[in-house]
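Enquirer: Protein chains in written order, with our numbering: chain A, 1 to 219; chain B, 1001 to 1154.
The set of hints was computed from the structure by calculation and includes no laboratory data. Treat each hint with caution, since some may be false.
Claimed, not checked - As a list, the in silico DSS-like pairs of lysine-lysine whose alpha-carbon atoms are at most 30 Å apart: (1) B:Lys1149 <-> A:Lys200; (2) B:Lys1149 <-> A:Lys194; (3) B:Lys1150 <-> A:Lys194; (4) B:Lys1150 <-> A:Lys200; (5) A:Lys194 <-> A:Lys182; (6) B:Lys1002 <-> A:Lys214; (7) A:Lys214 <-> A:Lys200.
As the list claims (entries may be wrong) - Just a sample of chain B residues kept apart from chain A, beta carbon distances all over 10 Å, derived: (8) Met1001; (9) Lys1002; (10) Asp1019; (11) Pro1116; (12) Asp1124; (13) Gly1129; (14) Arg1141.
Where is the CB? At the ideal position from N, CA and C, for every residue including glycine.
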Amino acid sequence: MGNTKISRRSFLKVSAAATGGLIIGFYIPVDESLADTTQDVERFEPNAFLSISRDGSVTIMAKNPELGQGVKTSLPMIIAEELEVNWEDVRIEQADLDPRLGGQWAGGSMSVTYNWDMLRTAGATAREMLITAAANEWNAERRECYAEAGHVHHRPSGRSTAYGDLVDAAAELPVPDDVDVKDPKDFRIVGTSKLNTDAKDLVTGRTIFGIDVKVPGML
Amino acid sequence: MKITLTVNGEEHTVDVAPDTPLLWVLRDTLGLTGTKYGCGEALCGSCTVHLNGNPVRSCVMPVSAVAGARITTIEGLSPDGTHPLQTAWVEEDVSQCGYCQPGQIMSAAALLEQNPNPSDEDIDAALFGNLCRCGTHVRIRNAVHRAAKKGGGR
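Same shape as in the complex, but just chain A (with noise of 0.2 Å):
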């Protein structure tokens, strides 16, 4: 068990950032030394998937380049409902080019069906640690405990906590090895039309095209 977990932190990756958030990244495996150095984590962690901030602020990283097709608001989408919270909450950001967030590549009509898993994997896990900091405080009974709408609520109590309040204690917590995803009969975003991220950019000429970008010393 000590082994999946340590392969598991190189997998998924935790850590508080300097400003206070949760931030939970997707690696391919890495070295792992540098997967135990929970010191420097925000020099270790650039880009992660999620990051929830201390004033319960979520950002998504849109990890496949988007040409229209939409994955810049469809993937996200699949990171948000595991995660519990409100899609008008939700800010989304293009991920860089990083390793460490896998393939992205965009083809075949396959980023939904290639990243569905892993996706919902990532949301769902950093959920369950947020529960389990809930009841940890609590000092209740996990089944006792359910995300919703970016609290975690109490069923016998009624008490609920926001997941801005949660964030250093669930940065503190191992990495779940396995957790459970959404029966599909709860989804509230997936299966759901959402209005394109970009759409209001886009109208307004402020969308970077690669037409558009500018670099040091281009012709």
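Starting from the known structure of chain A, fit chain B onto it as the hints suggest.
Expert: Chain B only, in chain A's frame:
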């Protein structure tokens, strides 16, 4: 050669070869990258801007020909994305890749100034020269109608 023109209400004097297409003055000299390059031959419409309120293809418009003129680009259509066409475009979720949409919107804006209540045929004719490879045409038409209902001629 120094040429002065007004872009989105601001006067600029640029020092470029006089036959430089307006498109590149906007994108490269002035850094307004909302107007797009798609063909360079006035065939696709993605470079559409307003010249004294009229839609033109900036990729074939030499900047010397617009000296002293008033140019409006997508960035200048509204200060904050609130032109009725822009809000209609979002409400109808028109954009897929979005590359053609600034040109589509500029053409549509000029249409609504001339014709505040266009028919489907009017819209098709006015936007005929704006190509969309993603195929958003149905939603474009819906959005133009929606903007027209909101008084989209501004």
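Enquirer: Are lysine 1150 of chain B and lysine 194 of chain A close enough, with their CA atoms no more than 30 Å apart?
Expert: 24 Å, holds
Enquirer: Given the hinted pair lysine 1002 of chain B and lysine 214 of chain A, is their Cα-Cα distance within 30 Å?
Expert: 24 Å, holds
Enquirer: Would the hint linking lysine 1149 of chain B and lysine 200 of chain A be met if the CA-CA limit is 30 Å?
Expert: Between lysine 1149 of chain B and lysine 200 of chain A the Cα gap is close to 20 Å, so the pair holds against 30 Å.
Enquirer: Would the pair lysine 1150 of chain B and lysine 200 of chain A pass a check requiring their Cα atoms to be no farther apart than 30 Å?
Expert: 18 Å, holds
Enquirer: Taking 10 Å as the cut and beta carbons as the points, is glycine 1129 of chain B off the interface with chain A?
Expert: About 19 Å separates glycine 1129 of chain B from the closest Cβ of chain A, which puts it past 10 Å; holds.
Enquirer: Going by Cβ atoms, does aspartate 1019 of chain B stay more than 10 Å from chain A at every point?
Expert: At roughly 19 Å from the nearest Cβ of chain A, aspartate 1019 of chain B sits farther out than 10 Å, so the non-interface label holds.
Enquirer: At 10 Å, judged by beta carbons, does aspartate 1124 of chain B keep clear of chain A as stated?
Expert: 20 Å, holds
Enquirer: Looking at lysine 1002 of chain B again, its CB stays over 10 Å from all of chain A?
Expert: It holds; lysine 1002 of chain B is separated from chain A by about 23 Å at its closest Cβ, greater than 10 Å.
Enquirer: Hey, is proline 1116 of chain B genuinely clear of chain A, shortest beta carbon separation above 10 Å?
Expert: 20 Å, holds
Enquirer: Hey, lysine 194 of chain A versus lysine 182 of chain A, does the alpha-carbon distance stay inside 30 Å?
Expert: Holds. Lysine 194 of chain A to lysine 182 of chain A sits at ~20 Å (cutoff 30 Å).
Enquirer: For methionine 1001 of chain B, is the shortest CB-to-CB distance to chain A above 10 Å, so the non-interface label stands?
Expert: 21 Å, holds
Enquirer: Tell me if the straight-line CA distance from lysine 1149 of chain B to lysine 194 of chain A falls inside 30 Å.
Expert: 24 Å, holds
Checked against the numbered hints above, the structure breaks none of them.
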